[in-house]
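Asker: Protein chains in written order, with the numbering used here: chain E, 1 to 46; chain Z, 1 to 259.
A hint or two may mislead.
Residues from chain E that face chain Z, not an exhaustive set, calculated with beta carbons under 7 Å [unchecked claim]:
{"#": "1", "residue": "I12"}
{"#": "2", "residue": "P20"}
{"#": "3", "residue": "L22"}
{"#": "4", "residue": "I24"}
{"#": "5", "residue": "L29"}
{"#": "6", "residue": "L32"}
{"#": "7", "residue": "V33"}
{"#": "8", "residue": "Y36"}
Far from chain E by the CB rule (all over 10 Å, computed), these chain Z residues [claimed, not checked]:
{"#": "9", "residue": "G44"}
{"#": "10", "residue": "L70"}
{"#": "11", "residue": "L79"}
{"#": "12", "residue": "I127"}
{"#": "13", "residue": "N136"}
{"#": "14", "residue": "P188"}
{"#": "15", "residue": "Q191"}
{"#": "16", "residue": "L235"}
{"#": "17", "residue": "K237"}
Hints were generated in silico from the structure; no laboratory data involved. Glycine included, each C-beta is placed from N, C-alpha and C at the ideal position.
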Amino acid sequence: MPKDNISLSYRIMHWFTYHPWLKIISLLLAILVWFYVKGEIQQFNY
Amino acid sequence: MSTSAIAYLWNAWKPALEILILWFVIYHIMLFFEGTRAIQVLRGIIILLVAFFLFQKLGLGILDWLLTKLFAISVIAILIIFHPEIRQGLARLGQRHLFITALREEELDQVLKEIAAAADALAKNKIGALIAIERNDPLTAYVASGVMIDARVSRDLIETVFTPNSLLHDGGIIIQNGRIAAAGCLFPLSQSQDLSRIYGTRHRAALGLSDETDALAIIVSEERQDISLVSKGRLYKDLSPEELVLKVKEMIKEKKKDA
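Let the sequences and hints guide you as you build the complete structure.
Answerer: What follows is the structure, given as structure tokens:
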């Protein structure tokens, strides 16, 4: 819980080890949503 | 680098930025629901979204039409199904600890001193207690099983909650971000056969919680009048209030180095 003295390497490692699957799934979803919206925009010429 | 490559990169940064922002938002929505009962509904919605996208790409018109209509109606359904989570999420937006997840050293000291003093007093008065401290794994699902309190950690409040015949004395207290999030919370019972028969349901609940999460659980035994601590499925028994504070601090720091 204490925030001080948290190293940069710890932060980077934590970013990769904390819920890695959630990160992968959310990235895939983000790409999917982006392409879907782009398709819709192109189709309807917004 | 040729001019066309620069122009290509210049045009590519916008979609990349948009996808990054979308990723960040979707990840935080999923992280918020992780550990709650709503995650199963969210998984179902994600599967439907992927199916919808695939149907569209494959040109399966009927299924695409069906899912489009279903999504139009489901906006209301989502609002009803996720009503408690939406309310809780909006309330959390206004709270400081959404952005500051870590406590300062002196705040942690104060919280642990209050918990240790309460545990000591409860043990001396032969009153049982169970206190879970959240670390990295969210305890939101267990918070939902109890009664929300969201109060500062204080010895008096902990003692009051565990006073026999009080409405919340059954179950455990959950400490999240240095505050008492809820009381009367139900934890899963450990199925371990190794646990001695002298330990009751409270110890089993603490071990069960530590089997499923990285939370620390403090148990006050009413029969033996002692304080124990459970972390990663390991039981540390007969701790003095001072030892408890040191041990919890040590474990929190250890966790920080590990991860």
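Asker: Please go over all the hints and tell whether each is borne out by the structure.
Answerer: Comparing the hints with the structure gives:
1. I12: Given a least distance of 11 Å, the restraint on E:I12 is violated.
2. P20: 11 Å, violated
3. L22: 5 Å, holds
4. I24: 10 Å, violated
5. L29: Since chain Z brings a Cβ to about 5 Å from E:L29, closer than 7 Å, the hint holds.
6. L32: 6 Å, holds
7. V33: 6 Å, holds
8. Y36: Hint on E:Y36: holds, closest Cβ of chain Z at ~6 Å, below 7 Å.
9. G44: 14 Å, holds
10. L70: 16 Å, holds
11. L79: 20 Å, holds
12. I127: Check passes; 27 Å lies beyond 10 Å.
13. N136: 7 Å, violated
14. P188: Since the minimum Cβ distance to chain E is about 21 Å, Z:P188 lies beyond 10 Å and the statement holds.
15. Q191: 26 Å, holds
16. L235: Check passes; 22 Å lies beyond 10 Å.
17. K237: 24 Å, holds
The structure does not agree with the numbered hints 1, 2, 4 and 13 stated previously, though it agrees with the rest.
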